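**Q** Sequence:
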Amino acid sequence: MAAPLVEPDDGKMPETLKDQREVLFRRMKAYFGYTEETMAAVRQIVEGSSILGQGNPSETHPAMTRGECFQIRKAAGLSYLDDPICGMRNMVPLYKASEGEKPQDARVCIDQYEFPNMPCEYPVVHVTTREAALLCKALGKRLCDAHEWEGACAGSLRDPKDEYAFGRSRRDMKSIHNNNRTLVWAYGKEKNHALCATGSKKNKDCQGGGYRKCGSNTYPAGSFPKCVSPLGVFDQHGNAAEHMNLPMKPDQLASLGHYGETEMKGSWFIFGTYEAHEDDCHWRAPDWHATSVLSTGSHSNYHLGFRCCANVGGKPSEAASK
Numbered sequence: 341m342a343a344p345l346v347e348p349d350d351g352k353m354p355e356t357l358k359d360q361r362e363v364l365f366r367r368m369k370a371y372f373g374y375t376e377e378t379m380a381a382v383r384q385i386v387e388g389s390s391i392l393g394q395g396n397p398s399e400t401h402p403a404m405t406r407g408e409c410f411q412i413r414k415a416a417g418l419s420y421l422d423d424p425i426c427g428m429r430n431m432v433p434l435y436k437a438s439e440g441e442k443p444q445d446a447r448v449c450i451d452q453y454e455f456p457n458m459p460c461e462y463p464v465v466h467v468t469t470r471e472a473a474l475l476c477k478a479l480g481k482r483l484c485d486a487h488e489w490e491g492a493c494a495g496s497l498r499d500p501k502d503e504y505a506f507g508r509s510r511r512d513m514k515s516i517h518n519n520n521r522t523l524v525w526a527y528g529k530e531k532n533h534a535l536c537a538t539g540s541k542k543n544k545d546c547q548g549g550g551y552r553k554c555g556s557n558t559y560p561a562g563s564f565p566k567c568v569s570p571l572g573v574f575d576q577h578g579n580a581a582e583h584m585n586l587p588m589k590p591d592q593l594a595s596l597g598h599y600g601e602t603e604m605k606g607s608w609f610i611f612g613t614y615e616a617h618e619d620d621c622h623w624r625a626p627d628w629h630a631t632s633v634l635s636t637g638s639h640s641n642y643h644l645g646f647r648c649c650a651n652v653g654g655k656p657s658e659a660a661s662k
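Each residue of the sequence shown is one higher than the one before, starting from 341 at the first, in my numbering.
The hints are simulated quantities; they were obtained by calculation from the structure and are not laboratory data.
Be aware that a few hints might be false.
[What the hints assert, rightly or not] Simulated pairs of lysine to aspartate or glutamate, DMTMM-like, Cα-Cα distance not exceeding 20 Å:
no., residue 1, residue 2
1, Lys589, Glu441
2, Lys529, Asp591
3, Lys529, Asp545
4, Lys589, Glu530
5, Lys436, Asp620
6, Lys566, Asp512
7, Lys501, Asp591
8, Lys477, Asp591
[Claimed, not checked] The following label-pair restraints were derived from C-beta to C-beta distances:
no., residue 1, residue 2, range
9, Gly507, Glu530, 14 to 22 Å
10, Glu439, Gly550, 25 to 33 Å
11, Gly539, Glu377, 38 to 46 Å
12, Asp627, Asp502, 20 to 28 Å
13, Glu530, His617, 15 to 23 Å
Quantities reported herein were computed from a predicted structural model and do not represent experimental measurements.
Even glycine gets a Cβ: it sits at the ideal position worked out from N, Cα and C.
Make a model of the complete structure from these sequences and hints.
**A** If you want it as structure tokens, here you go:
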């Protein structure tokens with residue numbers, strides 16, 4: 341597939357949420373070649389929310405223009421990716437590299453960029469975990485399991501049996517996992533957040549969050565070429581936080597077609613003043629705003645987006661519950 345055409349960018353953002361969404365829908369269809377049926381499903385989910393989009397247009401002031409992002413990526417020699425293993429644009433295979441597996445051994449793929457998974461496009465935010473899961477499904481994908489996101493970040497996938505203390509409380513699962521984790525960041529073993537999209541700041545009047553006072557002042561996805569994991573995944577530190585699935589028991593793995601509880605990783609929104617939490621690849625968060633993934637009351641906020649995963653061949657991962 342040839343590299344897609346890029347719309348000219350004058351640095352201006354659409355003035356209304358409706359206009360913002362229409363531009364995004366147009367770009368998604370042109371970039372991925374989605375069918376009318378697929379785009380209708382995406383549109384129905386997005387328009388079912390009064391706030392889902394790329395940030396409140398009246399409050400959002402992106403940290404970089406799309407045009408600047410394209411220039412940076414061109415200078416860095418970055419190109420578009422169509423991996424034959426994944427069979428979908430801008431997805432990369434996840435595999436147990438530390439155990440000698442190769443890309444062709446992958447049973448799952450992950451989006452390179454935060455949704456809508458387009459380089460130099462602003463992440464979609466103000467999305468609940470339920471809406472994120474439904475949007476992934478509309479595109480033939482699913483939400484990622486927490487260990488898949490972590491493996492993508494660290495550069496090697498590990499078995500669920502080694503990543504979750506199934507049968508324990510969420511607090512115990514988190515503590516056991518975090519106490520035994522290896523410290524590593526997507527870009528290497530030494531922390532250096534200057535390599536990532538961590539320079540944005542909250543709006544002056546933005547306190548606890550929400551739509552009315554908080555701008556989603558993100559960077560375009562993939563605008564920091566060195567903020568990339570060994571497996572080719574961008575922006576896992578900084579930029580938008582990301583929804584994913586936390587299975588509390590083996591049959592709640594998204595890779596098996598089911599969901600458990602909500603989990604969040606990443607997040608740019610207060611790096612400008614202080615870091616609210618650790619964010620190495622394997623760090624697992626407390627139960628912030630925890631619900632079941634498909635709950636209609638699942639959490640959303642101005643800094644919170646997602647990315648999708650997909651099983652290779654569209655089938656449940658054979659090794660998912662090992």
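**Q** Now look at each hint and say whether the structure bears it out.
**A** Cross-check of the supplied hints:
1. Using a Cα cut-off of 20 Å, the hinted pair lysine 589 and glutamate 441 is violated, with the two alpha carbons roughly 26 Å apart.
2. Among the hinted pairs, lysine 529 with aspartate 591 is inconsistent with the structure: their alpha-carbon atoms are about 33 Å apart, more than 20 Å.
3. Between lysine 529 and aspartate 545, the direct Cα distance comes to roughly 36 Å. Violation of the 20 Å bound is thereby established for this hinted pair.
4. Between lysine 589 and glutamate 530 the CA atoms are separated by roughly 33 Å; this puts the pair beyond 20 Å, and the hint is violated.
5. Taken as a hint, the lysine 436 and aspartate 620 pair is honoured in the structure, with Cα atoms around 19 Å apart against an allowance of 20 Å.
6. Taking the CA atoms of lysine 566 and aspartate 512, the gap is about 34 Å. The hint is violated against a cut of 20 Å.
7. Our distance criterion of 20 Å between C-alpha atoms is met by lysine 501 and aspartate 591, whose separation comes to about 12 Å.
8. Restraint check for lysine 477 and aspartate 591: satisfied, since their Cα atoms lie roughly 19 Å apart, inside the 20 Å limit.
9. One distance hint, 14 to 22 Å for the beta-carbon pair glycine 507 and glutamate 530, is violated here, with the actual separation near 36 Å.
10. In this structure the supplied range 25 to 33 Å is violated for glutamate 439 paired with glycine 550, their Cβ-Cβ distance being about 44 Å.
11. Roughly 40 Å separates the CB atoms of glycine 539 and glutamate 377, a value that falls within the hinted 38 to 46 Å.
12. Checking the proposed 20 to 28 Å range against aspartate 627 and aspartate 502 shows it holds: the Cβ atoms sit about 21 Å from each other.
13. In this structure the hint that glutamate 530 and histidine 617 lie 15 to 23 Å apart at CB holds, the actual value being about 19 Å.
In summary, the numbered hints that this structure violates are 1, 2, 3, 4, 6, 9, 10.
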